[in-house]
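Note that the protein sequences, when read in sequence, are chains A and B.
Positions in the first sequence are counted from 1; adding 767 to them yields the numbering used here.
Positions in the second sequence are counted from 1; adding 41 to them yields the numbering used here.
It should be emphasised that the hints constitute simulated quantities derived from the structure, not laboratory data.
Please note that a few of the clues may not be correct.
Simulated pairs of lysine to aspartate or glutamate, DMTMM-like, Cα-Cα distance not exceeding 25 Å [as the list claims (entries may be wrong)]: (1) A/K965 - B/D315; (2) A/K965 - B/D263; (3) A/K965 - B/D311; (4) B/K179 - B/D135; (5) A/K965 - B/D342.
Not close to chain A: a few residues of chain B, all C-beta gaps over 10 Å, as computed [as the list claims (entries may be wrong)]: (6) D173; (7) T237; (8) A268; (9) P328; (10) C348; (11) H370.
Estimated spans, in silico, between C-beta atoms of each pair [said to hold, decoys possible]: (12) A/A1094 - B/G121: 54 to 64 Å; (13) A/P873 - B/D315: 34 to 44 Å; (14) A/A789 - B/G330: 49 to 59 Å; (15) A/A1011 - B/S205: 22 to 32 Å; (16) B/G176 - A/I1078: 52 to 62 Å.
C-beta atoms are modelled at their ideal positions from N, C-alpha and C, and glycine is treated no differently.
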Amino acid sequence: MSEGLEVRALSVRYPVGGGVFAQRRDVAAVTDVSLQVVPGETVGIVGESGCGKSSLARALVRLAPVSAGRVCWDGQDLTDLDEDAFRKMRPDIQMVFQDPFASLNPRMRMADLIAEPLKTHHPNMPGSERRKRIAQAVDQVGLSMEMAGRFPHEFSGGQAQRIGIARAIVLRPKLLICDEAVSALDVSVQALILALLKRLQSELGLAILFISHDLAVVRHMCDRVVVLYLGRVMEEGPAGALLADPLHPYTRALRASVLSRDPGVSRGRRPPAIGDDLPSPLAPPPGCLFQTRCPHAAPLCATDVPVQREIVPGRSVACHYAENIAADPGWRPGNQTEVGTSCRMRSA
Amino acid sequence: MVVPLSSTHDGDESVLVCRDLGVRFATPAGTMVAVEGASLALRRGRVTGIVGESGSGKSQLVMALTGLTVGEVTGSAELGGMRIAPVPERALADVRGRRIAYVFQDPMTALNPYLTVATQLEEVATHHLNLDRAGARKKALDLLNRVRIPDAESRIASFPHELSGGMRQRVMIAMALMADPEVVIADEPTTALDATVQLRILDLLRDLCRTDGLTLVLISHDISVMALMADDLIVMYAGRIVERGPAATLLTSPAHPYTRRLIDATPDLDSPVDAAPVGIPGQLPGPAGPRDRCLFADRCDRVGDVCRTAPPPLGSTAGTTAGHDVACHFPLPADAGSGGGA
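With these hints in hand, go ahead and build the complete structure from the sequences.
So, in structure tokens, the structure goes:
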């Protein structure tokens, strides 16, 4: 029985179509994803838009349908719990969303916004205790109870996100799921919220699942990183090593696209040799999902799904040729006879 | 605030010059100042970056140049010697889209979803350049190739929703170039795009500047985008230009404390792991607040009494080189305070 969050071979599928003419089909948003987050640890989920980051997060709290796999919390399997039992443990897992103004009811005052989760999950809590918990949460996120009567529009973006975080921690959760929680904020505020999350983590021993498209923020925040592409794990490992020396061609392309605030570094960046376009998730390519954009794609990649395997201690990657590419970043398969798919290798 | 423009008269390369430009909104709650005292000169064939956070006035400034703001515009702007702001709406028909073209952040809202790429591109050339359909089609195809849209001959018949976000932004850039503008203003052109696509679009814009001599104004909240793209850089805060000069100088040896703090707040994967981004406590002053002071004073760690009583003029200081201006009573000395940046 392991402590914290354990996700085993999770898949999320959404039905699409099913109108008068359209055939009802399923789109796979997340396929076969396994990961663990232990108390005090921050695990980052990265990938481009449409890679399944948010579907994965939402599936953990039943906001997206789980079609296969298991979600376990502190050794307890949540997947088969009935609604009542799930609600009982739901305070343990809380979410912080991207847009604080969209996720806060504009007609509720700050104190009521933070009271709402308490009233939902602890309806019998005495008013005095509830007020104490609200004041504590407000203090923990760096706001003041003098603002208790204000409405969301009277707060700045950073303050509104602090309210969003207060709503999550007022339930004393053990796992915080941050879904692009700082992406909408200006950098001057973003850095403050990141520091707040780190402080809350050490004070409360939180496990954090940190979903972000920003690799620089992820390196700063996370202990380990999981890289998703079209819903599958491409690579997983310690944040520092994975971002300093990525193993999967997709992670390499992501890393090579990150600009620096140093002009000397940024001006040396060249676009990675991968195509712009994500394949449609309705018609994902056979074999490796990344083969249509991969500069190293070989015939095997068009037929066989690469298995995620550990090639460096603590680091795993789902690529048939990860060792070859690690040894020689310019590695190409010797004989290119494409099998049934197009392999676009346009370079800038 | 009267500020001499260092590059206005010498060399006379300036395509667009604006002096003391302001944008104000009269509201029931009082007058809101969006932009104040902005003077700048765009040099031909160069990328001028305007960086600032939300509410800094960077978008309002460039929208005021072609009457796209609903606010009241004060001061003046000239394009190739012709006054363009503030002027009556109809006087801008030959400027907006023709001599100054825009690329906006979200191509899905800027493109008409009911019309094909071909129709939308050709319309620009038939309207502004009086080309016939065949000539406009030829120009549209040529530009789609130049913005590196693969298979342009078939893509030109697509509707916007049939294209990916990156392709739509390429179409927007092609559309901006259709009337051979003298200045292209790109307002957060890659903010909605994934990093791999962002770098390709920026690389394309940079090539267009180099090979075609395009004069580009690039607006972004992202210091790192400026590090890649900008030749000249303008830093805005609360509606005012607080620092301007060569981008490489500003980004490595800023003179304004805000520029320094903005750089240090930006997460950077190429900095040492322990160089954590440092936030800036406090808030932007409201647009209706008092302006007879330095607007960054309440968040600044170099603040003195004078900062709260007199707005610092924008100009050169002992520590800055030619063409590098700063609006600060206590500017950072050259080469000082590299808080983990370069």
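Structure-based check of each hint:
Proposed proximity of A/K965 and B/D315 is supported: the alpha carbons are some 14 Å apart, at most 25 Å. A distance of roughly 23 Å separates the Cα atoms of A/K965 and B/D263; the hinted pair therefore holds under the 25 Å criterion. Of the supplied pair hints, the one linking A/K965 and B/D311 holds, its CA atoms being roughly 21 Å apart against a limit of 25 Å. Between the alpha carbons of B/K179 and B/D135 the distance comes to roughly 23 Å, so the proposed pair stays at or under 25 Å and holds.
For the proposed pair A/K965 and B/D342, the alpha carbon gap of about 24 Å is at most 25 Å, so the pair holds. No beta-carbon of chain A comes within 10 Å of the beta-carbon of B/D173; the shortest separation is about 33 Å. Its closest Cβ contact with chain A, about 5 Å, brings B/T237 to no more than 10 Å, contrary to its assignment away from the interface. In this structure B/A268 is not separated from chain A by more than 10 Å, as the shortest Cβ-Cβ distance comes to only about 4 Å.
Every CB of chain A is more than 10 Å from the CB of B/P328 (nearest about 13 Å), matching its label as outside the interface. Taking the minimum C-beta to C-beta distance to chain A, about 18 Å, the non-interface status of B/C348 holds against the 10 Å cut. Chain A leaves B/H370 outside its interface by the beta-carbon criterion, the shortest separation being 21 Å against a cut-off of 10 Å. The hint said 54 to 64 Å for the Cβ distance between A/A1094 and B/G121, and at roughly 57 Å that hint holds.
Between A/P873 and B/D315 the C-beta distance comes to about 40 Å, which sits within the given range of 34 to 44 Å. The given range of 49 to 59 Å is respected by A/A789 and B/G330, whose C-beta atoms sit roughly 55 Å from each other. Checked against the hint of 22 to 32 Å, the C-beta distance between A/A1011 and B/S205 comes to roughly 30 Å, which is consistent with it. At roughly 57 Å, the beta carbons of B/G176 and A/I1078 sit within the given window of 52 to 62 Å.
Checked against the numbered hints above, the structure breaks hints 7, 8 and satisfies the rest.
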